[in-house]
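Given the sequences, and given the hints that come with them, work out the whole structure.
Just so you know, we're using UniProt numbering here: the sequence shown kicks off at 1 and counts up by one.
Since the hints were made in silico from the structure, they are not lab data.
Hints are not guaranteed to be accurate.
Straight-line Cα separation of at most 20 Å, SDA-like style, residue types lysine to any residue; simulated pairs [to be verified]:
no.: 1; residue 1: LYS210; residue 2: ALA247
no.: 2; residue 1: LYS210; residue 2: GLY266
no.: 3; residue 1: LYS78; residue 2: SER251
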Amino acid sequence: MCSSALPAVPSVPRGPGSPQQDPASPARVRPAFRPAAASALGGALVLAVVVAAAQIHGLDLSVYREGALALLGRAGDKDLYDDALVQTDTRGLPFTYPPFAAILFVPLALVPQSVALGIVTALSCGCLAGVAALVVRYLRSARPAGATAPRHTAVTVLATMLVLGLSGPWREGLGFGQVNALLMVLVLADLLRSTRLPSGVLVGIAAGIKLTPLAFGLVYLARRDWRSLAWLAASFGSTVALGWVLAPRESAVFWLDALFDASRVGATADLYNVSLNSIVAQSGLPGSLQRPVWALASLAVISVGYLAIRRADDDGDTVRAIAANAVVMLAISPISWFHHWVWIALVFPAAYLSAREEGARRTAVRVLLAALVPVMMFSSITVTLTLTGAVSGEGPLPLRLFTALGVVLPVALLGLWALRPVRRTAALPAHG
Numbered sequence: 001m002c003s004s005a006l007p008a009v010p011s012v013p014r015g016p017g018s019p020q021q022d023p024a025s026p027a028r029v030r031p032a033f034r035p036a037a038a039s040a041l042g043g044a045l046v047l048a049v050v051v052a053a054a055q056i057h058g059l060d061l062s063v064y065r066e067g068a069l070a071l072l073g074r075a076g077d078k079d080l081y082d083d084a085l086v087q088t089d090t091r092g093l094p095f096t097y098p099p100f101a102a103i104l105f106v107p108l109a110l111v112p113q114s115v116a117l118g119i120v121t122a123l124s125c126g127c128l129a130g131v132a133a134l135v136v137r138y139l140r141s142a143r144p145a146g147a148t149a150p151r152h153t154a155v156t157v158l159a160t161m162l163v164l165g166l167s168g169p170w171r172e173g174l175g176f177g178q179v180n181a182l183l184m185v186l187v188l189a190d191l192l193r194s195t196r197l198p199s200g201v202l203v204g205i206a207a208g209i210k211l212t213p214l215a216f217g218l219v220y221l222a223r224r225d226w227r228s229l230a231w232l233a234a235s236f237g238s239t240v241a242l243g244w245v246l247a248p249r250e251s252a253v254f255w256l257d258a259l260f261d262a263s264r265v266g267a268t269a270d271l272y273n274v275s276l277n278s279i280v281a282q283s284g285l286p287g288s289l290q291r292p293v294w295a296l297a298s299l300a301v302i303s304v305g306y307l308a309i310r311r312a313d314d315d316g317d318t319v320r321a322i323a324a325n326a327v328v329m330l331a332i333s334p335i336s337w338f339h340h341w342v343w344i345a346l347v348f349p350a351a352y353l354s355a356r357e358e359g360a361r362r363t364a365v366r367v368l369l370a371a372l373v374p375v376m377m378f379s380s381i382t383v384t385l386t387l388t389g390a391v392s393g394e395g396p397l398p399l400r401l402f403t404a405l406g407v408v409l410p411v412a413l414l415g416l417w418a419l420r421p422v423r424r425t426a427a428l429p430a431h432g
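Next comes the structure, spelled out in structure tokens:
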């Protein structure tokens with residue numbers, strides 16, 4: 001993908017006395033080959049650094065594989081939705097996705113853990129490269145009229161890959177063997193219309209794997225795109241139906257019981273949970289008030305997100321609309337682990353472009369971005385492990401405030417986007 005964006009290498013004219021050369025000779029092939037080879041080598045080096053920084057252990061992938069084995073009846077006496085499908089030193093880890101996801105994970109369960117981890121890591125690295133290329137294209141599409149296009153596209157993409165890959169959510173997601181990057185690409189392929197499938201189908205499939213992408217129906221709702229909403233519902237419904245056909249017992253357990261038990265996913269008040277629900281759980285409010293307060297806060301964020309999406313669409317900025325919807329999804333989800341925030345890959349560039357405005361709004365966006373950088377680099381796991389030598393979901397007030405900024409700052413940015421004056425000359429959509 002990176003090499004395809006390289007400029008063509010101009011041919012060098014030969015003088016009248018120059019010897020004729022075979023078009024396939026090394027002298028003719030080498031100039032065009034060198035940039036591609038340099039890009040491939042650079043990409044390999046960048047990914048090597050990213051993978052090394054991730055310290056890959058594949059804990060979450062082991063849960064996916066164990067879930068698939070349980071579905072096949074090859075996990076001893078374990079059932080798919082047992083509370084401790086995989087046991088660690090500190091707690092049992094359950095399978096929290098719908099049965100459709102367990103069906104898709106079956107191929108990974110039929111190969112050794114190391115092979116499965118290599119496959120998922122390679123796919124995630126491919127997603128990283130694709131998202132980096134999208135970000136570069138998006139930023140370049142917003143160049144002022146008449147501005148000279150920057151050179152060295154491949155270098156820019158590689159630098160973007162490195163920055164994104166070393167960011168906290170991408171780095172830790174790779175380490176856990178997570179699938180968030182894969183789901184992100186499914187959603188982007190749908191919303192940016194890079195597929196011939198009807199709009200909404202891929203978002204529905206992503207939601208069939210992990211329920212949270214259902215929140216991207218807000219984009220279609222803001223656009224009054226009822227057709228895409230219908231396709232999303234039909235696609236998602238098909239994944240549910242397939243789960244019932246192939247795994248009826250497990251489907252009954254998930255859809256009628258496990259789905260409503262958020263504690264299976266983890267402790268709501270855990271510092272690694274970067275969501276509104278976590279802030280409310282840590283607030284000290286009486287338990288009877290926490291759910292209503294969270295619900296009201298979520299409704300407020302959805303409303304602001306709706307306005308932000310409408311503003312982005314009015315500007316013709318599809319990427320900002322998607323970034324706004326992603327912030328809504330992650331903020332209102334009961335559990336949004338730090339590594340779920342891979343969507344910062346779009347939030348940062350969209351915010352950067354909106355920071356080009358004049359006046360106080362530009363200053364506010366720049367302050368938010370500057371504060372968000374360290375928050376999205378260092379998770380509670382990184383901080384507690386560094387300071388105490390052990391991972392902890394609890395911490396002193398300064399650490400609680402620091403991790404809370406991971407959702408407070410993006411929501412504040414959402415508010416600035418919602419109040420942004422419409423400028424139809426703003427960033428162009430990334431699709432097309």
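Here is what the structure says about each hint:
Among the hinted pairs, LYS210 with ALA247 is consistent with the structure: their alpha-carbon atoms are about 17 Å apart, no more than 20 Å. A threshold of 20 Å between alpha carbons decides the hint, and for LYS210 with GLY266 the separation of about 16 Å falls inside it, so the pair holds. Note on LYS78 and SER251: the hinted pairing holds, with a Cα-Cα distance of about 16 Å set against a maximum of 20 Å.
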